[in-house]
Amino acid sequence: MSGFQGYVTSRPVQGFRVPQHVQNLVIRNYCETREMTFLLSGTEYAIPGSSLILNQMVDRLDQLDGIVLYSMFQLPEQAGSRRKIYDQFLGKQKTMHFAVESLSLNVCQDIERLEDIWSVFLTMRDIPNIQDQL
Amino acid sequence: MSQVFVNDAEIELGDRYQENGYVIVPVANLGEFQRIQNLVVDSVEVVLGAGETDPASLLNGIHEKVSVGELNSFRLEMIRRMNAESWFRSSYFDLARPTLERIVGNELAMQLRVNLSIQLPEDEGSLLPVHADVWSGDSPFETVVWVPLVDCFDTKAMYLLPPAADKELRNNFGQSVGGSSEELFQQIKNEVVWIEIKAGEVLVFNQNLPHGNRVNKTSETRWSMNCRFKGVFTPYGDKKLGEFFEPITLKAASRLGMAYQFPSLHSDPEE
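As given, the protein sequences belong to chains D and Z, one line each in that order. In terms of the numbering used here, the first sequence has 97 at position 97, counting the first letter as 1, and numbering is strictly consecutive. In terms of the numbering used here, the second sequence has 307 at position 173, counting the first letter as 1, and numbering is strictly consecutive.
Rather than coming from a laboratory, the hints here were simulated on the basis of the structure. Glycine is no exception: its CB is placed at the ideal position from the N, C-alpha and C atoms. Hints are not guaranteed to be accurate.
[As the list claims (entries may be wrong)] Between beta-carbon pairs, the in silico distance windows are:
#1 D:Asn129 <-> Z:Glu211: 30 to 40 Å
#2 Z:Glu153 <-> D:Val22: 36 to 46 Å
#3 D:Val22 <-> Z:Val202: 25 to 35 Å
#4 Z:Asn141 <-> D:Asp59: 56 to 66 Å
#5 Z:Gly183 <-> D:Ser102: 25 to 35 Å
#6 Z:Asp149 <-> D:Arg28: 45 to 55 Å
#7 Z:Val311 <-> D:Arg113: 33 to 43 Å
#8 Z:Val311 <-> D:Gly91: 52 to 62 Å
#9 Z:Ser270 <-> D:Arg11: 26 to 36 Å
[Said to hold, decoys possible] Covered by chain D, according to a simulated footprint, are these stretches of chain Z (three or more residues, beta-carbon under 8 Å):
#10 272 to 286
#11 366 to 377
#12 381 to 390
[What the hints assert, rightly or not] To give an idea of the interface, some chain D residues facing chain Z are shown, with a C-beta separation under 8 Å as derived from the structure:
#13 Gln14
#14 Met72
#15 Val100
#16 Glu101
#17 Ser102
#18 Ile117
#19 Ser119
#20 Phe121
#21 Ile127
#22 Ile130
#23 Gln131
Isolated chain D (complex conformation):
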């Protein structure tokens, strides 16, 4: 089997809940516009902090071209856990995509870009949305 498997969750992403069928629509559109074969999505357990399904998908990367997550913020919050996932993709020469951000992990240099966004996100996330203060 080759193609890209989608990855969706039922937990909020950056504070917002996105229905799973909407996440799948975004992933499907991302794949279509890039002529990537979209395989059905895996759905993460709703258990807080769980990455069990994602890990399972990563373990069977050999059977895929890569994985398309709805958002990069569905990756684990722990930097070390994210790093392990990045390394597995790069080690197997597979690609990881983030549909809503239109970003992807293709080469080692992409890690710094992704981690810069993660670092600022974690630093800033407890600051309320400015719209609520206007």
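Fit chain Z to the known structure of chain D by using the hints.
For chain Z alone, coordinates are given in the frame of chain D:
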């Protein structure tokens, strides 16, 4: 004696930005501007098969080659081609970098994709009704870098409501807004400033101020790019990190600060 931490040029630029709501300056890197302009012209030639060599003639006269009905798909293809170039966004940033560093800061977040507007003469389908980006969910800390690829004047340009008039509008918004954005424009139309700007200049404007465009009554097509910037550690609105913005100029001390963790009293095999 008062303490002054910024130089005269910085004060002058900041004052002008606050007083007028915008500044227009020559592009900071003419070579990169020409590179971007050439990219757009080359893309037009590939998509349309056009063979005109003078960029200004080709872009100003594109309405002779692209119909209103074809415009949006043509525009989206141009945007895709621009943003597909790995150098494009850093070159765009270079056009306004010194001005942004004086007005916004030197640790910046940049919009992930640069937009392109193409406004054909007499086209009523590409209008941006009067709006302030902050009314649509943008953070009031954002600023817009607007770069024309052709000379813009009169209705070929965009308009902006100056800060003093904006303040008055906001103070009386409930009474003056009417029932539609068109009524709002009619309310402010005598106070807006039409931006006159040449290719090779860059407009940096305060997106908290009402702005927009009208039907282009000139005989030339407008081509302009726009992209938002903000201080990376200023509050975000609905345009989030990752999906809309990304950090572009993080400094060493910030990287160290974000990565810092207190030493642990317990051993943690994960770290």
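Here is how each hint holds up against the structure:
1. D:Asn129 <-> Z:Glu211: 30 to 40 Å: 34 Å Cβ-Cβ, so the 30 to 40 Å window holds.
2. Z:Glu153 <-> D:Val22: 36 to 46 Å: holds (44 Å)
3. D:Val22 <-> Z:Val202: 25 to 35 Å: Holds, since D:Val22 and Z:Val202 (Cβ atoms, about 32 Å apart) stay within the stated range.
4. Z:Asn141 <-> D:Asp59: 56 to 66 Å: Check passed, 58 Å falls within 56 to 66 Å.
5. Z:Gly183 <-> D:Ser102: 25 to 35 Å: Because 29 Å falls inside the window, the suggested range holds.
6. Z:Asp149 <-> D:Arg28: 45 to 55 Å: Since Z:Asp149 and D:Arg28 have Cβ atoms about 50 Å apart, the given range 45 to 55 Å holds.
7. Z:Val311 <-> D:Arg113: 33 to 43 Å: At roughly 42 Å between Cβ atoms, D:Arg113 and Z:Val311 fall inside 33 to 43 Å, so the hint holds.
8. Z:Val311 <-> D:Gly91: 52 to 62 Å: holds (58 Å)
9. Z:Ser270 <-> D:Arg11: 26 to 36 Å: Holds - the Cβ-Cβ distance for Z:Ser270 and D:Arg11, about 27 Å, lies within 26 to 36 Å.
10. 272 to 286: Held - the region 272 to 286 of chain Z has 3 residues with a Cβ nearer than 8 Å to chain D, which meets the minimum of three.
11. 366 to 377: Since three or more residues must qualify, the claim that chain D covers the region 366 to 377 of chain Z holds, with 10 doing so at under 8 Å.
12. 381 to 390: holds (count 3)
13. Gln14: holds (6 Å)
14. Met72: holds (6 Å)
15. Val100: holds (5 Å)
16. Glu101: holds (5 Å)
17. Ser102: holds (7 Å)
18. Ile117: OK, holds: D:Ile117 within 8 Å of chain Z, min 5 Å.
19. Ser119: holds (4 Å)
20. Phe121: holds (5 Å)
21. Ile127: holds (6 Å)
22. Ile130: At about 4 Å, which falls below the 8 Å cut-off, the nearest Cβ of chain Z leaves the hint on D:Ile130 intact, so it holds.
23. Gln131: holds (5 Å)
Violation of the numbered hints given earlier is absent; every hint is satisfied by the structure.
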